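Enquirer: Chain by chain, the residues run as shown.
Number of protein chains: 4
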Amino acid sequence: MIDRPRAAVVGATGYTGAELARLLLQHPYFRLGPLVGHSKAGQSVEDVLPSLAGLVPGEIAPFDADAVAASSELAFCALPHGASAPTVAALRERGVVVFDLSADFRLDDPQVYREWYGEHGAPDLFGRAVYGLVELHRDALRTADLVAVPGCYPTASTLALAPLLAAGLVDPNGIVIDAKSGVSGAGRSPAASTHLPETAEGFRAYKVGGVHRHTPEIEQELSRVVGAPIRVSFTPHLVPMSRGILVTAYAMAKGEVDVERCRRAARELYEGSPSVHVLSAGKSPDTLWVRGSNRAHLAYHVDRRTGRVVAQSAIDNLVKGAAGQAIQCANVRFGIAEESGISAPATWP
Amino acid sequence: MIDRPRAAVVGATGYTGAELARLLLQHPYFRLGPLVGHSKAGQSVEDVLPSLAGLVPGEIAPFDADAVAASSELAFCALPHGASAPTVAALRERGVVVFDLSADFRLDDPQVYREWYGEHGAPDLFGRAVYGLVELHRDALRTADLVAVPGCYPTASTLALAPLLAAGLVDPNGIVIDAKSGVSGAGRSPAASTHLPETAEGFRAYKVGGVHRHTPEIEQELSRVVGAPIRVSFTPHLVPMSRGILVTAYAMAKGEVDVERCRRAARELYEGSPSVHVLSAGKSPDTLWVRGSNRAHLAYHVDRRTGRVVAQSAIDNLVKGAAGQAIQCANVRFGIAEESGISAPATWP
Amino acid sequence: MIDRPRAAVVGATGYTGAELARLLLQHPYFRLGPLVGHSKAGQSVEDVLPSLAGLVPGEIAPFDADAVAASSELAFCALPHGASAPTVAALRERGVVVFDLSADFRLDDPQVYREWYGEHGAPDLFGRAVYGLVELHRDALRTADLVAVPGCYPTASTLALAPLLAAGLVDPNGIVIDAKSGVSGAGRSPAASTHLPETAEGFRAYKVGGVHRHTPEIEQELSRVVGAPIRVSFTPHLVPMSRGILVTAYAMAKGEVDVERCRRAARELYEGSPSVHVLSAGKSPDTLWVRGSNRAHLAYHVDRRTGRVVAQSAIDNLVKGAAGQAIQCANVRFGIAEESGISAPATWP
Amino acid sequence: MIDRPRAAVVGATGYTGAELARLLLQHPYFRLGPLVGHSKAGQSVEDVLPSLAGLVPGEIAPFDADAVAASSELAFCALPHGASAPTVAALRERGVVVFDLSADFRLDDPQVYREWYGEHGAPDLFGRAVYGLVELHRDALRTADLVAVPGCYPTASTLALAPLLAAGLVDPNGIVIDAKSGVSGAGRSPAASTHLPETAEGFRAYKVGGVHRHTPEIEQELSRVVGAPIRVSFTPHLVPMSRGILVTAYAMAKGEVDVERCRRAARELYEGSPSVHVLSAGKSPDTLWVRGSNRAHLAYHVDRRTGRVVAQSAIDNLVKGAAGQAIQCANVRFGIAEESGISAPATWP
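Going line by line, the protein sequences match chains A, B, C and D. Numbered as in our numbering, the first sequence ends at 349 without a single skipped number. Numbered as in our numbering, the second sequence ends at 1349 without a single skipped number. Numbered as in our numbering, the third sequence ends at 2349 without a single skipped number. Numbered as in our numbering, the fourth sequence ends at 3349 without a single skipped number.
These aren't lab readings, by the way, just hints derived from the structure by calculation. The structure presented is a predicted model; accordingly, all values stated were derived computationally and were not measured. Mixed in with the good hints there might be a few duds.
What the hints assert, rightly or not - Residues on chain C that point at chain B, a partial pick, calculated with CB under 7 Å:
#1 P2050
#2 H2277
#3 A2346
#4 T2347
Using N, Cα and C, we set each Cβ at its ideal position, and we do this for glycine too.
Start from the sequences, fold in the hints, and give me the full structure.
Expert: Next up, the structure:
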């Protein structure tokens, strides 16, 4: 084990960074490298990430591409979109294998990126990343040096719907995705919309009307599955809890479809995928059942009165929706068991 | 004011009963009559309804139709379906004006009732109630002696969608209603599904696949608006909070529809309806903004990419979705101002 | 009712302001006057206080002492300490009866004020206010033109302990007050310490070691009751909920003290106080039982093994701990029934 | 690693059982043995413990002492007090090393057990267990075949106060322990007191007046430290969250005591204890910072005005307060690194 690779966490002071540190501290293969931050550089880790108090001494390091490259074979970048691309480029130039958790490298089409995010910060690298939804892109990830770790909503949405579309069980047109996320998905910066008194006993949608930036990412992945461009109606909601995403997706059944066919399609597509579990017939997933874990729970119901299939998925937005999935990608990339360090069940209840 | 009518609360020991007592205690016209319960009869009000400690002395009374009729001109019945019908019948026989909060008198079609609820407990009265969604049935309520107070989900769903359907702005086919409720909607009986540790940091759907009993009630009311039978895909979810319902409903726009047309349709339909407010364009309702009030907040968005209208509504399930709406019905029936005693804004935050 | 006085709310855009507006909208005597704010002046009320959408048209007014005095016989000032004093002075000069919810006029001793808060903003007025804990200062309030509405923790702490001290049942030395507050007590400004993901599933103390500014206020009021200066150990905690304060106070019994003597002392001291209720023996208060109401629930237990009396109180920090108590003071000052407009039970559950 | 011992979980269907399973699944040395339950025996693990869906196939096993002894070198018993003792006895007779999480073997004095719990179910074994607070009893645990894993409140209370008492910094008389627990501490059985709508937005004390059964356990351990019998005032509270205990303890300083001396006393007592961390001066622990981990965070403040030391501790009641601590005991007993399998930081936020 003399050669366990070291993994830097760039953008370590947000929630995704904290999760990466937590998971890497327990990882059997990767070692936790420097925790890199910008505005909090120089502060003690204990002050910034209180759960690491007594476990990780030292300070948040400022970003220095050479230093990261000198210490670390791989880096997880958890920066905002836009800010991420040049940082990723600097690390790639120095040979670091990068797992980028921003949106900067998730989209294939530069025009779509521009429309939803604006100018790209590293156009030369655009289109060079492998999309890190392991369950659908496992083979390509084995040799990827730049991985675009999927967004939380796209992960949950795609996992739920891909089996139905791949098996031709539902109409790819007219899909409605009603998604609900815990508040940690909004990040660590305090805001009125996440201030406990205005959030704890309330429930609301946001970015309604097809304007959330995860929409084109979902469409890209589902279109790949279908082999033709599709559009979805996607509406996110904020749940008064810290973690978890539940997706409830609606699609019209094609012909005679029953629950068992849906479940079988999912089991087949995700065979050999240790992070995905198809619940027993009749059950519906609960985000609490996967909280803190890298697991995705899926379920399918058929509404015979309206001919709709209701596909559901639950994940932890910070784990399978971010940090855990990034490590899952790294496991595949470095040729170790896919579930290494991320096989723990949920911290339930 | 010598003749302020007295209102009994039958089934006073649940959450709806507690809300009725709260609102009647402050009502300028009705006086709070006996609090009637079954399993808790004889217990002190303070022990059963702790928020009334020091405000309502005495005990929970057992049900006695003659005693209720002797003391009270009107009664609110907050009993489970099935148990409600014979109680309502006994009170009606004695001339009491009844506002029934169960499902027993909400449906028009006895066959539909049988299919979803089983045998009816008072078939002679079936079909004799006025459906108490005041905003749509105000005139009929003025002379009603038996009012079927709507369910919480049907209230929120119908208020959001009726304007679009009445104005012909959306296709009545293919509507998806994704609804989310606080846990008080599950009633006061403890259960694994409402035990705090298994509920507080989790989110889940339940009765998925078109099997929730509020489905036919929603369809009945929307079909009335359309003038033809329609079916909807309805999925309820449980939000880790006490109170509130948010409905997110999806319908395909018919022709060119913009947000202003939707908002105008709602403002016109609900003109003169003090409990309904259409939010400014661009906003989305939050259940917290109506918590504890009899108000409904509505909002409309148009997803131009998919041609869908997203209609949203937020109510407090125990107030506009139950007790407050019942009093609103009683206000109309007794000829006083519709918002009497229920005009308070939300207890925000 | 042609002369119902109008009440301005200065500092209307915080949570206390919102509660004042809510309660004044329903008040049978006072009318809601202008909603005055500083940084949000000119914004629509609906945008700033979403629970008032559709109920209060118009905008947040900038502060203008003349305008307030022209429109309003009384004013509730809900400004931060320091900023409050000059505003109060300007209103008092113009004859407005002022109920000040800041800390600026609560303390009797200017030296103590300086030590805990710094320089005072209106030293001429210092010491001229009546402390608005109605249950202990009712008579003085009847003629007060400037009322210092108590802090939330002092209200809960004093109500619980005053009866024991007044009746000589406990040793005034060595009292420990362990207090717990919902997050709305921290105000409306978002901060890391109130950001939902870092607050919802956590519990912590703050300002530990006798440094919270409510300490001298509690000591002042308890010292008045005792007739000699006393000191208390006061520790506040943050509860992951929006509203409510629970105080658990510990004092050594003097001689033979049982629960009934404690309860009797409280009932006697608070006879004729409609907002205070002493729970039945054996019960402990729950903040939920008073949420949204102006009520205080008290309870007493005796630990025979250690000789300690445990006194508990529960209030809603924004109502009996702020806005409701301010209106209670105004009711007394204007000679109307003390519970006018604030008699509603809690919105439970 | 051919001989990794297998660990049975008896009473696996409650929250502590679920945590034991979660931690054992990831343990580098122990292997998860049978999951044993009583009322749910025969049900699938997935149905009973949804977080294990897809990870632990099979069913909950009925209790059979011979079968447990045949499969498992050690057993964790998470049964209610009273029911636990005979089960433990049966396993001990068969040579199984038992870590008992009930209260049955925690107390030294049979008279005290009888007074607080009633008749003991295995009097021959009474007094034969080692108390499993590793930080204070590490050496005795190395050879223990029966370990009484401490209660959650005693763990948090003792860890906070032992350093102060051991170093003679505070008066052992007059200690007040105000403790606050998440709702999972109440177990998995639904009840009115844990029903979300009556718990989520409320805060309350319970078993007030020195009557909680953890009181004698705390007194036993602190008396050991002091070397003389002491009594404490202990009051537990219920926090509207799932997990976590915060203890705020008050003791009179003896002579000149400052924060640094308190912190140093704690660091010295817990030197070599990987689960305990003394926070930087000025900080207060938050249960969220240890949620899901086996860590205890301690902090000390001195109130100079009253001469009191305020000692605080935060743990996760299900981990360091139960399952994690049990495994920590087993690690010590089986001679492996104390933090094996339980070194993960909190799942924060």
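Enquirer: Hint by hint, note whether the structure agrees.
Expert: Outcome of the hint check:
Using the Cβ-Cβ criterion of 7 Å, the hint placing C:P2050 at the interface with chain B is satisfied: the shortest such distance is roughly 4 Å. Annotation: C:H2277 was flagged as interfacial toward chain B, and the flag holds, the nearest CB pair being 3 Å apart, inside 7 Å. At a threshold of 7 Å, the smallest CB-CB gap from C:A2346 to chain B is about 4 Å, leaving the interface hint in force. For C:T2347, the shortest C-beta to C-beta distance to chain B is roughly 4 Å, which falls under 7 Å, so the interface hint holds.
In summary, the structure agrees with every hint in the numbered list given earlier.
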